[in-house]
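**Q** Sequence:
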Amino acid sequence: MKDGKELNSTILQNPSDPDATYRFKYKGNIGYTANVVEIYDGDHNIIKDYDFKPNIYSDQKFSADTIEKLAGNSILETPVKMIVDGAYFTIDLAEKASEKGIEIIPGKLTGRKQNDSKMNYASTFEISEENLVISCANNEEPFYSDYDAEKDVCTAKFSKETCTNCSLNKDCRIQFQKKANTVRFKKDRYSRDLYRNKMQTKEFVELTNQRAGVEGLPSIFRRVYNVDSMPVRGELRSKFYFAFKVLASNVKKLFKKPIIATM
Numbered sequence: 003m004k005d006g007k008e009l010n011s012t013i014l015q016n017p018s019d020p021d022a023t024y025r026f027k028y029k030g031n032i033g034y035t036a037n038v039v040e041i042y043d044g045d046h047n048i049i050k051d052y053d054f055k056p057n058i059y060s061d062q063k064f065s066a067d068t069i070e071k072l073a074g075n076s077i078l079e080t081p082v083k084m085i086v087d088g089a090y091f092t093i094d095l096a097e098k099a100s101e102k103g104i105e106i107i108p109g110k111l112t113g114r115k116q117n118d119s120k121m122n123y124a125s126t127f128e129i130s131e132e133n134l135v136i137s138c139a140n141n142e143e144p145f146y147s148d149y150d151a152e153k154d155v156c157t158a159k160f161s162k163e164t165c166t167n168c169s170l171n172k173d174c175r176i177q178f179q180k181k182a183n184t185v186r187f188k189k190d191r192y193s194r195d196l197y198r199n200k201m202q203t204k205e206f207v208e209l210t211n212q213r214a215g216v217e218g219l220p221s222i223f224r225r226v227y228n229v230d231s232m233p234v235r236g237e238l239r240s241k242f243y244f245a246f247k248v249l250a251s252n253v254k255k256l257f258k259k260p261i262i263a264t265m
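Residues 3 to 265, numbered by the working numbering, are exactly what the sequence shown covers, in order.
It is possible that part of the hints are untrue.
What the hints assert, rightly or not - Pairs of lysine-lysine residues, derived as DSS-like cross-links and limited to a Cα-Cα distance of at most 27 Å, are as follows:
{"id": "1", "residue 1": "Lys63", "residue 2": "Lys83"}
{"id": "2", "residue 1": "Lys188", "residue 2": "Lys162"}
{"id": "3", "residue 1": "Lys162", "residue 2": "Lys120"}
{"id": "4", "residue 1": "Lys188", "residue 2": "Lys55"}
{"id": "5", "residue 1": "Lys50", "residue 2": "Lys255"}
Treat the hints as calculated values from the structure; they're not laboratory data.
Whenever a hint applies, use it, and build me the whole structure from the sequences.
**A** This is how it looks when you write it as structure tokens:
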């Protein structure tokens with residue numbers, strides 16, 4: 003008998019369903035996971051695409067797949083705003099999507115948030131395209147700036163006299179040291195802070211509010227369409243069965259809003 007630490011999430015969960023996997027996300031989360039993509043034009047919404055995978059397939063992989071389906075290897079002529087749950091978002095995905103004309107808009111960011119008692123790095127410092135710190139919030143320039151690409155770390159040093167006389171020093175994330183005041187942060191942290199700042203804007207809040215209807219889809223599929231107890235086994239059969247659930251959801255929306263059929 004193997005120790006539990008030696009077992010991974012791909013081991014056989016049920017002899018009658020060898021494709022099912024285990025993922026510790028919530029109680030009883032064994033089997034498969036589905037992802038749906040709903041389009042919204044301001045008045046109408048309908049599920050445009052879906053995917054169905056063993057449940058060890060991550061949310062971020064679903065996000066990458068959606069970007070690929072929307073743009074492929076080309077750049078979209080008409081920019082698309084892709085509103086997602088925070089688990090579907092990473093800075094790397096956002097940058098890749100941006101290159102294809104897609105803006106990823108997370109409802110919230112996952113991970114540890116900085117202490118709000120001080121300004122975040124994006125509010126405190128400005129960096130160049132070369133990832134060098136070029137100024138602070140008080141428009142002072144560092145006498146030394148460097149970017150370590152291998153570690154993805156930005157470093158800058160400011161004179162002690164400049165920081166001592168600054169009205170923002172109590173809110174600044176600068177480290178007061180003996181010879182010079184130093185700031186050091188990861189570029190990824192800086193990019194996430196930029197997103198956090200953007201998420202406070204009125205436009206961003208209005209966009210994320212459009213996710214309200216999408217947030218209810220998992221509950222609808224569970225309560226109305228019983229996706230947690232589909233009478234089939236195996237990934238392929240389950241995926242086909244789920245497709246009929248998606249179709250039923252779309253047909254119901256068409257009857258509620260017949261005008262969408264003319265789009």
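**Q** Does each hint hold? Answer for all of them.
**A** Going through the hints against the structure:
Restraint check for Lys63 and Lys83: satisfied, since their Cα atoms lie roughly 18 Å apart, inside the 27 Å limit. Restraint check: the Cα-Cα separation between Lys188 and Lys162 comes to about 23 Å, which is no more than 27 Å; the hinted pair holds. With a C-alpha separation of about 19 Å, the suggested pair Lys162 and Lys120 falls inside the 27 Å cut-off, and the hint holds. For the hint pairing Lys188 with Lys55, the CA-to-CA distance comes to about 34 Å; that exceeds 27 Å, so the pair is violated.
Taken as a hint, the Lys50 and Lys255 pair is honoured in the structure, with Cα atoms around 13 Å apart against an allowance of 27 Å.
Checked against the numbered hints above, the structure breaks only hint 4 and satisfies the rest.
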